[in-house]
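Asker: Here's the letter readout for the chains.
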Amino acid sequence: MSTRYFGAAVPRLEDPRLLTGKGTYVDDIVLPGMLHAAFLRSSVAHGRIRRVDATAALSMPGVRAVYTMADLGGFGARPMPAMAPHPLLKTPITCSPLASDEVCYVGEAIAMVLADSRAEAEDALGAIELDIEHLPVVADARQGVAAGAPRAHSGRDSNVIATLRGSHGDVDAVFAAAAHRFSETFEIHRGGCHSMECRGVVAAPEPRSGELSLWTSSQSPYMVRRHLATYLGRDEADIRVTAPDVGGGFGPKANVYPEEFAVALAALACGHPVKWIEDRQEHFLATTQQRDQFWSLEVACDAAGRMLGVRGRCIHDNGAYAPYGLILPATALASFPGPYALAAFDLSIDVVLTNLVPTSPVRGAGRPNAAFVLERLADTIARRLNLPREEVRRRSFVRAEQMPYVTGGKMRDGSPVAYDSGDYAKALSLVLEKIDAAGFARRRAEAAARGRLLGFGLASCVEDTGLGPFEGASVRVTPAGKVVVTTGAASQGQGHATTLAQIAADALGVDLSQVTVKAADSRVFPLGISTIASRVAVTAGSSVEIAARKVRDKAIKIAAHMLEAGEHDLELENGQVRVVGVPDMNVALSTIARILSGSAGVPIPAGVEPDLAATGYFEANQLAFAYGSQACEVEIDPETGDCRITRYVVAHDCGRLINPMIVDGQIRGGVVHGIGNALFEHMRHDEAGQPLTATFADYLLPGAAEMPDIEIHHIETPSPRNPIGAKGAGEGGTIPAAACVISAIQDALGPTAPFVTMHPVSPEQIVEWIDQTRK
Amino acid sequence: MSARKINLTVNGRAVEAEVEARVNLADFLRQTLALTGTHLGCEHGVCGACTVIVDGRPARACLMLAVQADGAKVETVESLGTPEALSELQLAFRDRHALQCGFCTPGMLMTIEALLRVEAAPTREQIRDVLSGNLCRCTGYQAIVDAALDAAEARRGTR
Numbered sequence: 001m002s003t004r005y006f007g008a009a010v011p012r013l014e015d016p017r018l019l020t021g022k023g024t025y026v027d028d029i030v031l032p033g034m035l036h037a038a039f040l041r042s043s044v045a046h047g048r049i050r051r052v053d054a055t056a057a058l059s060m061p062g063v064r065a066v067y068t069m070a071d072l073g074g075f076g077a078r079p080m081p082a083m084a085p086h087p088l089l090k091t092p093i094t095c096s097p098l099a100s101d102e103v104c105y106v107g108e109a110i111a112m113v114l115a116d117s118r119a120e121a122e123d124a125l126g127a128i129e130l131d132i133e134h135l136p137v138v139a140d141a142r143q144g145v146a147a148g149a150p151r152a153h154s155g156r157d158s159n160v161i162a163t164l165r166g167s168h169g170d171v172d173a174v175f176a177a178a179a180h181r182f183s184e185t186f187e188i189h190r191g192g193c194h195s196m197e198c199r200g201v202v203a204a205p206e207p208r209s210g211e212l213s214l215w216t217s218s219q220s221p222y223m224v225r226r227h228l229a230t231y232l233g234r235d236e237a238d239i240r241v242t243a244p245d246v247g248g249g250f251g252p253k254a255n256v257y258p259e260e261f262a263v264a265l266a267a268l269a270c271g272h273p274v275k276w277i278e279d280r281q282e283h284f285l286a287t288t289q290q291r292d293q294f295w296s297l298e299v300a301c302d303a304a305g306r307m308l309g310v311r312g313r314c315i316h317d318n319g320a321y322a323p324y325g326l327i328l329p330a331t332a333l334a335s336f337p338g339p340y341a342l343a344a345f346d347l348s349i350d351v352v353l354t355n356l357v358p359t360s361p362v363r364g365a366g367r368p369n370a371a372f373v374l375e376r377l378a379d380t381i382a383r384r385l386n387l388p389r390e391e392v393r394r395r396s397f398v399r400a401e402q403m404p405y406v407t408g409g410k411m412r413d414g415s416p417v418a419y420d421s422g423d424y425a426k427a428l429s430l431v432l433e434k435i436d437a438a439g440f441a442r443r444r445a446e447a448a449a450r451g452r453l454l455g456f457g458l459a460s461c462v463e464d465t466g467l468g469p470f471e472g473a474s475v476r477v478t479p480a481g482k483v484v485v486t487t488g489a490a491s492q493g494q495g496h497a498t499t500l501a502q503i504a505a506d507a508l509g510v511d512l513s514q515v516t517v518k519a520a521d522s523r524v525f526p527l528g529i530s531t532i533a534s535r536v537a538v539t540a541g542s543s544v545e546i547a548a549r550k551v552r553d554k555a556i557k558i559a560a561h562m563l564e565a566g567e568h569d570l571e572l573e574n575g576q577v578r579v580v581g582v583p584d585m586n587v588a589l590s591t592i593a594r595i596l597s598g599s600a601g602v603p604i605p606a607g608v609e610p611d612l613a614a615t616g617y618f619e620a621n622q623l624a625f626a627y628g629s630q631a632c633e634v635e636i637d638p639e640t641g642d643c644r645i646t647r648y649v650v651a652h653d654c655g656r657l658i659n660p661m662i663v664d665g666q667i668r669g670g671v672v673h674g675i676g677n678a679l680f681e682h683m684r685h686d687e688a689g690q691p692l693t694a695t696f697a698d699y700l701l702p703g704a705a706e707m708p709d710i711e712i713h714h715i716e717t718p719s720p721r722n723p724i725g726a727k728g729a730g731e732g733g734t735i736p737a738a739a740c741v742i743s744a745i746q747d748a749l750g751p752t753a754p755f756v757t758m759h760p761v762s763p764e765q766i767v768e769w770i771d772q773t774r775k
Numbered sequence: 776m777s778a779r780k781i782n783l784t785v786n787g788r789a790v791e792a793e794v795e796a797r798v799n800l801a802d803f804l805r806q807t808l809a810l811t812g813t814h815l816g817c818e819h820g821v822c823g824a825c826t827v828i829v830d831g832r833p834a835r836a837c838l839m840l841a842v843q844a845d846g847a848k849v850e851t852v853e854s855l856g857t858p859e860a861l862s863e864l865q866l867a868f869r870d871r872h873a874l875q876c877g878f879c880t881p882g883m884l885m886t887i888e889a890l891l892r893v894e895a896a897p898t899r900e901q902i903r904d905v906l907s908g909n910l911c912r913c914t915g916y917q918a919i920v921d922a923a924l925d926a927a928e929a930r931r932g933t934r
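Sequences listed follow chains Z and U, in order. Counting with my numbering, you get residues 1 to 775 for the letters of the first sequence. Counting with my numbering, you get residues 776 to 934 for the letters of the second sequence.
There is no bait here: all hints are sound.
Computed far set for chain U versus chain Z, every beta-carbon distance over 10 Å:
| id | residue |
| --- | --- |
| 1 | R779 |
| 2 | G787 |
| 3 | A789 |
| 4 | G831 |
| 5 | R832 |
| 6 | M839 |
| 7 | G846 |
| 8 | L890 |
| 9 | E894 |
| 10 | T898 |
| 11 | R930 |
| 12 | R931 |
To be clear about the criterion: a stretch of chain Z counts as covered by chain U if any three or more of its residues have a C-beta under 8 Å from a C-beta of chain U, and this derived list gives those stretches:
| id | stretch |
| --- | --- |
| 13 | 182 to 196 |
| 14 | 488 to 501 |
| 15 | 650 to 664 |
Worth flagging that the hints you see were computed from the coordinates, not collected in a lab. The beta-carbon is built from N, C-alpha and C at its ideal position, and this holds for glycine as well.
From just these sequences and the hints, can you work out the full model?
Answerer: Below, the structure written as structure tokens:
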């Protein structure tokens with residue numbers, strides 16, 4: 001099989017459409033008779049609903065209906081299903097599509113207006129009379145664990161909904177025998193995701209068939225279908241869910257949301273198509289965020305600075321509900337011990353409910369949190385023992401010859417964590433060489449001459465990718481000779497239409513322009529899970545490879561018969577099956593496809609199934625572990641605290657690269673996300689749980705003027721765990737980035753500055769540290 | 776709500792319409808004219824996804840009322856090129872992988888298009904400065920800057 005596209009930086013097939021305004025995002029869908037929804041949301045973080053009176057609102061221009069959960073009760077006024085049940089959660093902690101009794105965060109939806117236009121629906125919100133009794137609020141997870149703290153839900157005995165534990169080895173013995181032990185506490189804030197497209201849903205009942213169609217800006221359209229079907233007591237086949245073009249996901253769009261259910265229920269109730277498009281303020285209030293973790297940790301090392309063990313605990317703010325179960329804290333826990341070969345670790349995470357917006361994974365999920373504390377612990381050792389930071393890491397890394405390496409940790413399903421392949425020290429050496437670490441002292445001196453503080457930072461990580469169980473694909477050659485790939489794997493900009501087409505084009509010997517990928521439409525492909533956890537290249541990519549090979553084998557079988565040639569003498573090239581070395585002896589794939597499409601009364605070859613098509617489900621039962629190291633330099637203005645990232649270099653190994661251009665794009669975007677977490681993004685609430693940063697004027701996303709150019713170097717160690725040797729690349733940029741930037745800020749501040757244990761870091765904070773250091 | 780009659784040119788085409796005074800230009804373009812390439816990311820003038828060119832200057836269609844565009848010449852992403860015949864700038868975006876989800880892309884294109892008309896040879900810093908009014912969560916901006924430079928060079932070459 002020739003490889004022409006796998007590994008090549010081919011331009012994306014989806015781009016011409018998206019570049020010309022011809023993308024179809026949810027808000028671009030317009031249906032006849034469509035009504036527009038707006039949600040009345042709680043203005044208090046915790047309260048009891050006494051009364052909702054929509055009388056005045058119903059008489060407003062254009063208003064067709066106002067629904068509370070009581071009005072939609074015929075569909076079952078109960079909490080939504082849990083997306084990811086966990087044995088530690090005895091009952092699901094999810095909200096209802098609309099709250100009817102208690103509200104637990106600012107932004108929880110209480111009622112919805114349907115009107116002829118969105119403006120009219122929003123006008124009417126103000127005319128709904130809402131009487132809420134305020135209840136005590138817990139807005140900080142650290143207070144939430146204290147005895148006597150207010151309860152985030154009035155009916156619960158405790159705000160701590162679960163305590164997760166991960167351990168390996170005899171941690172007490174390791175600490176007792178260690179040459180050194182150091183303690184640190186960390187505060188990590190991660191803010192929100194802020195895809196540029198907010199969420200949106202269109203639901204349309206089909207009166208003739210009784211089917212319900214849903215278009216949603218989701219990373220998990222098939223989960224929406226499954227849970228909605230369960231909720232409605234319907235068969236999945238009667239609900240069609242499509243994720244059209246989706247303007248970024250980054251984790252929160254993987255949730256199944258109350259609004260998706262409420263819009264579907266409203267459409268069924270009124271018999272019209274209903275559209276709801278979230279505005280940015282609602283996104284700040286009601287789209288899940290990834291919020292605070294507070295870690296208290298100890299690290300043990302030997303006299304040479306080699307990390308031996310880590311122990312401690314974390315308080316994890318889960319927000320008001322746990323729609324996604326314990327996935328976020330569990331992912332943080334499963335990310336230990338990162339790239340380090342530890343003799344022992346023992347960690348626990350208290351998962352705490354607060355009266356803040358629910359949390360969910362955001363790019364990297366809990367992995368950036370784990371990477372931050374592990375990398376800061378490595379820097380602690382270096383600082384206390386006066387060792388180079390890279391030396392501590394080199395001495396502590398899992399070594400290439402130890403692969404596959406069983407860490408002693410457990411995945412969230414309880415299976416042992418085993419790294420598959422790679423050379424962690426090599427990535428570190430590569431990044432240090434490429435950033436010219438050796439020349440840093442000179443650059444620092446030059447910056448100092450200009451009155452600036454230059455700092456050098458580095459960080460490493462391991463990333464579990466390719467989460468199972470599957471993401472399937474079908475490959476079909478049409479009688480016109482086109483190749484159509486279908487899959488459940490939704491795309492939010494990752495370029496699946498191109499990467500999956502590259503795999504199919506190679507297997508079938510067709511030009512890339514002949515391949516079309518149709519994804520995330522339950523009427524087009526029957527099953528799908530989610531585009532999360534850097535899993536689609538591994539799972540769907542492998543499935544495309546498997547399906548395309550089956551199609552290839554079928555085409556060869558037919559062609560061998562037609563050409564009277566041996567199957568081993570045939571190759572696929574140029575849309576034909578042809579005899580190797582005799583290109584004139586060939587049969588077009590389109591011809592084979594037409595034969596296998598069948599004509600009345602005309603037999604097809606015996607023993608061959610109709611249709612030049614096949615389906616593959618790669619069984620992803622083992623994870624593929626990507627890894628990498630990042631290094632950066634920051635320049636700080638000591639007067640203003642302004643922190644500029646002046647250089648940023650990444651060394652990354654995500655196995656075989658399907659499309660290096662797309663991988664680089666994933667990594668760059670990911671690094672910038674992490675830089676945002678380190679320096680800018682801070683979702684603030686007051687003590688009453690009121691959001692204080694609900695516009696882009698208050699909540700800062702990284703902008704073009706502040707971001708550096710990012711240099712990327714790849715190491716390609718194929719994963720032995722899938723047929724294409726790929727590892728996921730969606731989150732590896734983000735995971736160590738905040739740690740890398742903070743490490744550089746620390747270095748710029750100098751050896752006597754306070755040890756930095758938190759992010760985001762503001763200019764004011766930097767000036768304060770500089771002042772403290774100078775005293 | 777009071778409606779007003781407006782006359783404007785959109786992508787070279789004369790448009791006459793009745794609009795409510797409160798309707799912003801973005802909603803007018805998207806809903807009345809079905810030009811859905813203009814996207815709304817924040818509706819408070821920060822993200823820049825809705826950027827269009829009004830009388831030669833980039834403007835945020837979410838912060839401008841449709842009635843304010845009375846008599847104006849408005850250009851949207853739909854004016855640049857077609858999938859079969861992308862403009863130089865669009866080709867540069869494709870070749871440099873300057874878009875991922877594509878949602879901010881129309882605004883990015885219109886901001887850079889407006890820049891390139893007044894500055895034939897912008898520097899990286901100038902481009903980054905101009906892009907400071909457009910947020911992108913996918914690309915990290917670098918590829919967009921690269922694409923803008925490529926497009927500028929291509930335009931200079933063809934002049």
